[in-house]
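**Student:** Build out the structure end to end from the sequences listed, making use of the hints.
2 protein chains.
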Amino acid sequence: MRLTATKANGFAHADLGAFSKFLEDGPGEKISKQFLRDVLGLTGVEMSITSYPPDVCMPFFHSHKQNEEIYLVLKGSGKMQLDNNLIDLSEGSIVRVDSSVSRNLKCGPDEDIVFLCIQAKTDSLEQCNKGDGKRENTAPLWE
Amino acid sequence: MRLTATKANGFAHADLGAFSKFLEDGPGEKISKQFLRDVLGLTGVEMSITSYPPDVCMPFFHSHKQNEEIYLVLKGSGKMQLDNNLIDLSEGSIVRVDSSVSRNLKCGPDEDIVFLCIQAKTDSLEQCNKGDGKRENTAPLWE
Numbered sequence: 238m239r240l241t242a243t244k245a246n247g248f249a250h251a252d253l254g255a256f257s258k259f260l261e262d263g264p265g266e267k268i269s270k271q272f273l274r275d276v277l278g279l280t281g282v283e284m285s286i287t288s289y290p291p292d293v294c295m296p297f298f299h300s301h302k303q304n305e306e307i308y309l310v311l312k313g314s315g316k317m318q319l320d321n322n323l324i325d326l327s328e329g330s331i332v333r334v335d336s337s338v339s340r341n342l343k344c345g346p347d348e349d350i351v352f353l354c355i356q357a358k359t360d361s362l363e364q365c366n367k368g369d370g371k372r373e374n375t376a377p378l379w380e
Numbered sequence: 238m239r240l241t242a243t244k245a246n247g248f249a250h251a252d253l254g255a256f257s258k259f260l261e262d263g264p265g266e267k268i269s270k271q272f273l274r275d276v277l278g279l280t281g282v283e284m285s286i287t288s289y290p291p292d293v294c295m296p297f298f299h300s301h302k303q304n305e306e307i308y309l310v311l312k313g314s315g316k317m318q319l320d321n322n323l324i325d326l327s328e329g330s331i332v333r334v335d336s337s338v339s340r341n342l343k344c345g346p347d348e349d350i351v352f353l354c355i356q357a358k359t360d361s362l363e364q365c366n367k368g369d370g371k372r373e374n375t376a377p378l379w380e
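Going line by line, the protein sequences match chains A and B.
Using this note's numbering, the letters of the first sequence map in sequence onto residues 238 to 380.
Using this note's numbering, the letters of the second sequence map in sequence onto residues 238 to 380.
Hints in this document: simulated from the structure, not taken from any laboratory.
It is possible that part of the hints are untrue.
Each pair may be met inside one copy or between any two copies, as identical chains are not told apart.
Below, simulated PhoX-like cross-link-like pairs (lysine-lysine); rule was C-alpha separation at most 20 angstroms, straight line [claimed, not checked]: (1) K270 - K316; (2) K367 - K302; (3) K371 - K302; (4) K270 - K367; (5) K244 - K316.
**Tutor:** What follows is the structure, given as structure tokens:
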């Protein structure tokens with residue numbers, strides 16, 4: 238998959254395609270991985286979307302120096318190992334991982350897994366939601 | 238939907254359920270929205286998963302003081318307005334929005350939309366991927 242984004246006017250957008258399609262695109266490759274930071278010009282996080290075929294895991298365990306990671310399963314199932322803890326994953330499973338934890342993820346035996354991974358600097362969020370949002374009186378273009 | 242997470246040993250995990258199930262849970266509510274920061278103990282981002290029924294949009298336009306936002310459509314279709322720009326959304330659409338941009342999102346006429354929204358402080362990511370990751374020699378528990 239080769240992804241390009243449209244960037245203009247303070248936003249950038251791209252189309253990953255339906256997640257079932259993402260799986261269909263993958264069979265020629267052992268692992269399909271798409272990083273999104275450079276594509277979209279992200280400045281607060283790195284994100285990637287990855288698919289593994291059955292029984293495939295990450296090539297090595299890893300931890301992080303300063304980044305928190307969040308994994309969200311978009312399709313399929315599998316397992317995740319966090320130090321010496323093993324948990325089950327299925328569509329909609331979401332896992333936050335401290336930087337120091339050694340992690341790996343393995344696709345289950347029956348179908349491909351597709352997951353999103355988000356990296357952000359630990360403790361970098363200073364405010365959010367009502368504390369960061371501002372109401373705007375923009376005229377909707379869809380009415 | 239009332240979500241709880243299991244927190245221990247440097248990680249936290251929760252189960253959003255299959256995204257089609259997330260839609261099925263929603264019909265009693267006009268808008269179903271689940272914030273994830275407090276549930277998972279996130280420190281670098283706020284995240285939410287939201288579903289809207291057909292033709293429903295956010296109750297108001299908003300911008301942000303310092304946070305970048307990223308929207309990812311998990312199911313369904315709709316439109317997003319960014320200041321005076323209108324773009325189409327479908328499963329797999331991903332949009333990065335500068336803090337100052339006024340934004341809103343409207344579900345299409347035919348089916349519910351489910352989307353993920355991530356907030357992170359603009360320019361807060363200092364390093365990532367190989368620059369932040371460390372290989373670990375952890376013994377896999379699945380072999």
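**Student:** Hints first: check each against the structure and report whether it holds.
**Tutor:** Hint by hint, here is what the structure shows:
1. In this homomeric assembly, K270 and K316 come within 20 angstroms of each other (Cα to Cα) only inside a single copy, at 18 angstroms, whereas the closest approach across copies is 27 angstroms.
2. In the homo-oligomer, the alpha carbons of K367 and K302 lie at most 20 angstroms apart only across protomers (10 angstroms), although the nearest pairing inside one protomer, at 31 angstroms, exceeds that limit.
3. In the homo-oligomer, the alpha carbons of K371 and K302 lie at most 20 angstroms apart only across protomers (7 angstroms), although the nearest pairing inside one protomer, at 34 angstroms, exceeds that limit.
4. Within a single copy, K270 and K367 get their C-alpha atoms only as close as 34 angstroms, which misses the 20 angstroms cut-off; across copies the closest is 15 angstroms, which meets it.
5. In the homo-oligomer, the alpha carbons of K244 and K316 lie at most 20 angstroms apart only across protomers (17 angstroms), although the nearest pairing inside one protomer, at 36 angstroms, exceeds that limit.
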